[in-house]
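To get my numbering, take the position in the sequence shown, counting from 1, and add 1036.
Calculated directly from the structure, the hints in this document are not laboratory data. Errors might be hidden in some of the hints.
Dumping the calculated DMTMM-like pairs for lysine to aspartate or glutamate here, alpha-carbon to alpha-carbon at most 25 Å [unchecked claim]:
# : residue 1 : residue 2
1 : Lys1074   : Glu1108
2 : Lys1178   : Glu1136
3 : Lys1169   : Glu1049
Taking CB as the label site, the calculated pair distances span [stated by the list, open to error]:
# : residue 1 : residue 2 : range
4 : Pro1102   : Thr1149   : 37 to 45 Å
5 : Lys1169   : Glu1049   : 33 to 41 Å
6 : Lys1048   : Thr1101   : 35 to 43 Å
We put the beta carbon where it would ideally sit given N, CA and C, even for glycine.
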Amino acid sequence: AVVSTQSTGGCKERGAASVHVIPQDFSAIEELEGYRNKVLEVHPGGVDVLVLNHGAMPISPWMATPSHQDREFVDRIYRINLLSYMELTRLFMPSLEGREGQIHVTGSMMGETPFFTAGLYASTKHGLHGFFKSLQQELLVKQSPVTVSIFAFGLIWTAEMEQVILSD
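Please model the complete structure; the sequences and the hints are all you need to start from.
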């Protein structure tokens, strides 16, 4: 079974036995335990693979964009891009350990090589890379059956990205 927060994304066409969409605002860290419970209701056997692939991408020079310096805005970006990943990992770890599961983390090349128009975004991705690389080591030392993979993608051309890049 596949559980998604937004769409079925062609999962059934690719062979998934079932697909469940459970919407979630990942900035609402305090609601993630309820989200985990909903996931386990539709997939009571537990979770084999936790794919952390959500995010917010504010793109503009931080010093030149006062709205990106607002504490509430910064907090929201960190909640979505970093803290929710950590909390979901904590919440799903018992299920993952019981099923020899996997955690797949969508990082970014900007987590390794920052760019001047993405300081806030890059800082959250640096945090992801640091946390999940450390978690990999912790799980190895503990001899946990859970594995962690971090994917550092470059630019993925989407309609939204085209608007950001081609806007004046």
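These are the hints, each one checked on the structure:
1. Using a Cα cut-off of 25 Å, the hinted pair Lys1074 and Glu1108 is violated, with the two alpha carbons roughly 28 Å apart.
2. The straight-line distance between the Cα atoms of Lys1178 and Glu1136 is roughly 13 Å, inside the 25 Å bound, and the hint therefore holds.
3. With a C-alpha separation of about 33 Å, the suggested pairing of Lys1169 with Glu1049 is violated against the 25 Å cut-off.
4. At about 26 Å, the beta-carbon gap between Pro1102 and Thr1149 misses the expected band of 37 to 45 Å.
5. Hint check: Lys1169 to Glu1049, Cβ distance near 34 Å, so the stated range 33 to 41 Å holds.
6. Look at Lys1048 against Thr1101: about 41 Å separates their beta carbons, and that is inside 35 to 43 Å.
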